[in-house]
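If you're matching them up, the sequences are chains E and L in order. Taking our numbering, I'd label the letters of the first sequence as residues 7 to 264. Taking our numbering, I'd label the letters of the second sequence as residues 409 to 730.
These are calculated hints, taken from the structure and not from any lab test. One thing to keep in mind: the hints can contain errors.
To be verified - Selected chain L positions facing chain E (Cβ under 7 Å, derived; list incomplete):
(1) Gly411
(2) Ala511
(3) Leu516
(4) Ala520
(5) Glu530
(6) Asp532
(7) Lys544
(8) Val549
(9) Lys589
(10) Gln591
(11) Thr661
(12) Ile679
(13) Tyr708
(14) Gly709
(15) Asp712
Each residue gets a CB set at the ideal place from its N, CA and C atoms; glycine is no exception.
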Amino acid sequence: MNTVVCLKQVPDTETLIKVAGTSIATEGIKWVINPYDEFAVEEAIRQKEKMNAGKVTIVSLGPDRAIESIRTALAMGADDAVHINDGAYYDTADPYATAQVLAAAIKGLTYDAVFLGKQAIDDDAGQVPAFLGELLGLPVVTQVIKFEVSADKKTATVTREIEGGQMVVEVPLPAVFSAQKGLNEPRYASLPGIMKAKKKPVDVKNAGALGVSAGPMTVIKEMSLPPARQAGKIITGDDAKAKAAALAKALHEEVKII
Amino acid sequence: MAGTLIYAEVQKGEIKKGAFEITSKAKEFGGEVAACIIGKGAEALAPQLAKYGADKIYVVDGPEFENYVPEAFVQAFVQVANTVQPTVILTSASAQGKDFTPAVAARLNVGAVSDCVELKKEGDKVIAKRPMYAGKAYALVEAVGTPQVISVRPNALGFKEIAGAGAVEKVAVNLDASKIKVQVKAVEVAATTEPDQTEAEIIVSGGRGMKGPENFKMLEDLAKLFGPTATTGASRAAVDAGWRAHSYQVGQTGKTVSPNLYIACGISGAIQHLAGMGTSKVIVAINKDPEAPIFTKADYGVVDDLFNVVPALIEEIKKIKG
Ligand SMILES: Cc1cc2nc3c(=O)[nH]c(=O)nc-3n(C[C@H](O)[C@H](O)[C@H](O)COP(=O)(O)OP(=O)(O)OC[C@H]3O[C@@H](n4cnc5c(N)ncnc54)[C@H](O)[C@@H]3O)c2cc1C
Ligand SMILES: Nc1ncnc2c1ncn2[C@@H]1O[C@H](COP(=O)(O)O)[C@@H](O)[C@H]1O
Chain E
7 MNTVVCLKQV PDTETLIKVA GTSIATEGIK WVINPYDEFA VEEAIRQKEK
57 MNAGKVTIVS LGPDRAIESI RTALAMGADD AVHINDGAYY DTADPYATAQ
107 VLAAAIKGLT YDAVFLGKQA IDDDAGQVPA FLGELLGLPV VTQVIKFEVS
157 ADKKTATVTR EIEGGQMVVE VPLPAVFSAQ KGLNEPRYAS LPGIMKAKKK
207 PVDVKNAGAL GVSAGPMTVI KEMSLPPARQ AGKIITGDDA KAKAAALAKA
257 LHEEVKII
Chain L
409 MAGTLIYAEV QKGEIKKGAF EITSKAKEFG GEVAACIIGK GAEALAPQLA
459 KYGADKIYVV DGPEFENYVP EAFVQAFVQV ANTVQPTVIL TSASAQGKDF
509 TPAVAARLNV GAVSDCVELK KEGDKVIAKR PMYAGKAYAL VEAVGTPQVI
559 SVRPNALGFK EIAGAGAVEK VAVNLDASKI KVQVKAVEVA ATTEPDQTEA
609 EIIVSGGRGM KGPENFKMLE DLAKLFGPTA TTGASRAAVD AGWRAHSYQV
659 GQTGKTVSPN LYIACGISGA IQHLAGMGTS KVIVAINKDP EAPIFTKADY
709 GVVDDLFNVV PALIEEIKKI KG
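Only chain E is shown next, with the shape it has when bound in the complex (with noise of 0.2 Å):
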């Protein structure tokens, strides 16, 4: 089975945000894979481990630092990659545009899946995956959480995620995928994986050589930092039955939610 997989680089969890302009101050922070796409990543070299055929290919769209993410997916198994590593569109692109370019990327390769995180957990949009299927021209399942191929691979049979609880759907392939968390355990990279991945093939490229102009849809005017929240009152007692007693009282006659 040859998939196709959309992976973003974005800021490590543990960052600290700092604003600057209507966007963030990049120095010092640790970039990694979404963690969302680390489950598309691995995902789509089960498939390919589980049918002994096929390929898997990384589409990014990503300044020049993307690279060491797309080379950390091709080390975990993934055979080659599309590094479209043009920062300037990079930077204004929103999940509108960012689709705009994937599909661009996408459209001349061969593949029976492709997939996406559910979200990038940067701008936190979840957006890309059904832009990207729109333009495409296929199915969208979000949200997937298990994921089978028939052995015609013809038709996939998929878990999603819903609100309290899942749903089994059927879809013919090609079709676009999101992941979930709880799809799989994504692996390390290994040594060996890490050598190979030099050697891998990576096809950079930038907006304008995919023809794609299209610009975004939604313009941030103003970035700025959540309002502080302050420590509150450390409830105090003799023992945990007094304390419970003052939190009670507190529930009750300040938050009045009793």
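Chain E is already provided as a structure; the job is to place chain L with the ligands on it using the hints.
Chain L with the ligands only, in chain E's frame:
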């Protein structure tokens, strides 16, 4: 039409609260407020939307809409949107809304602004405030195309009763069946009456300090005392240990919640956990370690063993409730 079209989501035979939140918000923008409700049995529910400001309610009802199938719902909604020609489309950023909203925007060939917590009208445009970087920053965002498609985080806006004209119109949609490729094989929804974490007004959450799955019973008991709008949650440590299902996880790779009250029991307050609950209106932390970072965010902190505090708290609340 210079007005707003809202999508009223139906779950388990009822309109979700989030739909009322966006309807009463839309009323503030001026212009007509239209609502579109899709589902089997939706017609009977439609009039409720008038109470929160809907002037016109488009109903798409039929057996084919029993389950949420993205393509069918998107086609139906887009047909209504093409008739209404709104300048703004509001949806709820619920689990379903997160799937539905970008698909609608994509079909209308415009952008979307997800999971917003504040909306304000500036001239003809709505400017939305939304968290990014897991709530570590907030952006003011303008969608430049028309309509502006905006999803709103449940519980963020509140709602008020405000009468709308409430004219109900049943719409017959023509679905292009050839495009409906995803077939639903099974739906499993837990038979709980608890609200989803994202919509709950009160969440009692447990972490590694709970020591085992059996002890979550105590948190469920506490939650029940707060009534039907309360539920329980968990940290990733509790979920990874297998004590709670992932659907309970609050945080960066779990759910983002903003209840009126969040009670964290035996949770240290790692940055990824805070990312999911930092916008809660009141935070209570119960932790035996006075240095736990959760105390820097908590409105009320109790430094003690939760196995003593929680049972006592249950008794005290029972006393107050009499
Ligand atoms: C990419 C990534 C994503 C992540 N996403 C999430 C996420 O979505 N949600 C999330 O929660 N975490 C997430 N994490 C994990 C996060 O970093 C923490 O590891 C996790 O939140 C810790 O859970 P905890 O507070 O329950 O456990 P711990 O940090 O171990 O804290 C347990 C606390 O319980 C207290 N305690 C113990 N016994 C008692 C007692 N008897 N009475 C009172 N207090 C007691 C201890 O003092 C301690 O403070 C993520 C991490 C990464 C790297
Ligand atoms: N710049 C990018 N390059 C490659 N894939 C991306 C990019 N941005 C987003 N994606 C993919 O789209 C998913 C959802 O992103 P978003 O809609 O931005 O939350 C991510 O998990 C990625 O799989």
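_Violations among the numbered hints_ = Per hint list: 1, 3, 5 and 6 violated.
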